[in-house]
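Next come the chains, spelled out residue by residue.
There are 2 protein chains.
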Amino acid sequence: MLPKNRLFTPGPTPLLPAAQNAMAAFTAHHRTADFKALFSRVITDLRDFIGTSNDVLVIASSGTGVMEGAVSNLTSPGDPVLVLTAGKFGERWRDLARAFGCRVEVVDKPYGDTFSVEEVAAKLTRDTRVVYLQATESSTGTRHDLKGIAELVRRRADDALLVVDAITGLGTTELDVDGWGIDVIIGGSQKALMIPPGLAYCALSERAWKRMVTATNPRYYFDFRKERKAAAKGETAYTPATSLVAALGAALDFIRQLGNGDLAAGRKLLVDNAELAAEMTRAGVGALGLELFSVSPAAALTAVTSPAGVDSGKIVKEFRDRFSAVVSNGQGEMKGKLFRIAHIGYYDYLDTIGILGALEHVLAAVSNRPVEYGCALRAAQQVFQRSRTRELAEIAGAKN
Amino acid sequence: MLPKNRLFTPGPTPLLPAAQNAMAAFTAHHRTADFKALFSRVITDLRDFIGTSNDVLVIASSGTGVMEGAVSNLTSPGDPVLVLTAGKFGERWRDLARAFGCRVEVVDKPYGDTFSVEEVAAKLTRDTRVVYLQATESSTGTRHDLKGIAELVRRRADDALLVVDAITGLGTTELDVDGWGIDVIIGGSQKALMIPPGLAYCALSERAWKRMVTATNPRYYFDFRKERKAAAKGETAYTPATSLVAALGAALDFIRQLGNGDLAAGRKLLVDNAELAAEMTRAGVGALGLELFSVSPAAALTAVTSPAGVDSGKIVKEFRDRFSAVVSNGQGEMKGKLFRIAHIGYYDYLDTIGILGALEHVLAAVSNRPVEYGCALRAAQQVFQRSRTRELAEIAGAKN
Chain A
1 MLPKNRLFTP GPTPLLPAAQ NAMAAFTAHH RTADFKALFS RVITDLRDFI GTSNDVLVIA
61 SSGTGVMEGA VSNLTSPGDP VLVLTAGKFG ERWRDLARAF GCRVEVVDKP YGDTFSVEEV
121 AAKLTRDTRV VYLQATESST GTRHDLKGIA ELVRRRADDA LLVVDAITGL GTTELDVDGW
181 GIDVIIGGSQ KALMIPPGLA YCALSERAWK RMVTATNPRY YFDFRKERKA AAKGETAYTP
241 ATSLVAALGA ALDFIRQLGN GDLAAGRKLL VDNAELAAEM TRAGVGALGL ELFSVSPAAA
301 LTAVTSPAGV DSGKIVKEFR DRFSAVVSNG QGEMKGKLFR IAHIGYYDYL DTIGILGALE
361 HVLAAVSNRP VEYGCALRAA QQVFQRSRTR ELAEIAGAKN
Chain B
1 MLPKNRLFTP GPTPLLPAAQ NAMAAFTAHH RTADFKALFS RVITDLRDFI GTSNDVLVIA
61 SSGTGVMEGA VSNLTSPGDP VLVLTAGKFG ERWRDLARAF GCRVEVVDKP YGDTFSVEEV
121 AAKLTRDTRV VYLQATESST GTRHDLKGIA ELVRRRADDA LLVVDAITGL GTTELDVDGW
181 GIDVIIGGSQ KALMIPPGLA YCALSERAWK RMVTATNPRY YFDFRKERKA AAKGETAYTP
241 ATSLVAALGA ALDFIRQLGN GDLAAGRKLL VDNAELAAEM TRAGVGALGL ELFSVSPAAA
301 LTAVTSPAGV DSGKIVKEFR DRFSAVVSNG QGEMKGKLFR IAHIGYYDYL DTIGILGALE
361 HVLAAVSNRP VEYGCALRAA QQVFQRSRTR ELAEIAGAKN
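Which chain is which? The protein sequence lines are A and B, in order.
Going by our numbering, 126 is the number at position 126 of the first sequence; the sequence numbering is gapless.
Going by our numbering, 252 is the number at position 252 of the second sequence; the sequence numbering is gapless.
Pulled out of the complex, with its shape left as it was, chain A reads as follows:
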């Protein structure tokens, strides 16, 4: 059928039309009152979106840039830090911390796995200066027990900063940033915010700002204190990606509208949306006899283990060639072993049912076992219907 480019990747995600329009139309120069007003509003809105009272920065870079900043601004060479890793993005924390000369202790779990609070406790010491982890590990579709780990860190290591890469976590899983004591939380534009790649953002606690005074690692472009000073005036230290900031403004407006004028309520709906799409997808995948790759599946994406004897690259290719749908292969050592369908951001019922329908044809084409057409769809529909029934019951309950 006709080619419609359809992203089901854990970033970039499908674009919000209102954000595309804002981006296409934007022409203001960045050192003007107009841009400053927009940028100040975006920063305030992002704070509500993240759900924090901490100061927020928006920087022209990919998420990895701000991850680097969360190492270079918060550590000095030789600092003992603890990295929790169970996938490619956990490894990125490890590599960044090593690149900046930290003494890196690692809780290293296999891909698809997660870490228990006890495992983290065993490696956390009084000396640990920073704990680095993901909220959700995008390479394996895993949700970590961030709340439990945060509790542990706050209880056991008063001086340790807790730094969370929530690039695929923000807007797909509920986080209480200030309540749990997360010192740095990092997001990216091309995820739940439904705009293209090019912006990263973060919120930093007072503990984190204080650490920067003594941290000696070199930083320049990602110097957070310089950005904080600029942001207070509605500016950025270096040239901002203006059209993306305009897109971000429109996306935050959309999320606020979703929440009937309340950004936090809008974020909650966005999270619920991802949770429902993920639950539908897991039900569909299960009905087809496929296995989830993760022991603790995230709502951000579903990683599915490729059927025995089938290279997942063939599945990815078949989705692309026959349905113009882009799903992700495994990364690194997981390449060929799994494929990933994302639920981050701008997806609806039709997208979710559509991609599961396509999966049935793809599976019939790449594996030689018969596929019972409609079985994944029915399972997903039943999940959707149950969620609707619950919703109606809640509405009825609220009225009584």
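This list has only true hints and no planted wrong ones.
Restraint ranges, calculated between C-beta atoms of paired labels, are given here: (1) Glu391/A - Ser53/B: 54 to 64 Å; (2) Glu372/A - Lys399/B: 25 to 35 Å; (3) Gly397/B - Ile395/A: 53 to 63 Å; (4) Glu372/A - Ala99/B: 52 to 62 Å; (5) Ala265/A - Gly332/B: 35 to 45 Å; (6) Arg98/A - Ala393/B: 53 to 63 Å.
What the hints contain is simulated information worked out from the structure, not anything from laboratory work.
Using N, Cα and C, we set each Cβ at its ideal position, and we do this for glycine too.
With chain A's structure known, arrange chain B on it following the hints.
Frame of chain A, contents of chain B only:
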């Protein structure tokens, strides 16, 4: 889930992103060499899209405007004309012909029905000056036997012009305009061309141009001869809808790309796409025990009879409220009795499976009978899979 505005109406139809971009970016004035070059190219391309060697006009109006032109330019008061009607758009021909003082003979069939060649033959006389009909009747989702009727008109009434409203027919059903001797064929922008409403186009035979010399009905804005003269210079008689012409250029480029550089091949793929989406939809609707409204279903759209006791307005509302999907109610006297799902233009597998999935939930909500989830989807998937198997067999056949 998140609201994504999804049109499944028989016009406007989903927009082609490349056309949206072209439209948003276009700024040229219409009396410039740039615009003239674009407009000339669009007219040439439209000729290939329609599949005719006749002169083509593009006018800033809805399709009805050019329908009016096909009455005012081709008739004089008192002219005997024959209108074939089995729905709201057939009635529009009747009303237009009456408004311009023609003596109107009508083949009048009930909504959902079509006319046999014999029924037309019985009303066609030596005096008939024009025969007006639809290729596909959008109000009922009916495909008329245009080929058979054209053959009859050409054989029996040498002097009668054959005028076809193919506004939803072009790009959803194969037509041999010149081979069948169609004198006037009319299209609109917001249909298979995948751009917004605002442009209508037509192709006119030499017989039709000749008739205009003697036709005395008044016309000014829709004076086709004036437009033909302007078009020969890459212009329009009055201010053209420039951004829509830019969008049309991009849409025709897309259709040419579909056909590997051949616009006619691209149109054929567009028609095949609508045919497949319609076949999938009919299979799904049938599996749910619903009835098609038309005795001769078109590929442009599927009109479904509302289940006994259910006002189709409830179905339309449920689609909109729960899935942000816009399907059409019946029109005029058919309001409340049927709903219509379109397949015109830019739809793919995911759209088609998605809307059928939604239909199952909608049906469960509005009627009190149980719905077997997935049954419409499975039926549609089987149609899709068979079509794929045929396609592969053809490729294999071509190679041997």
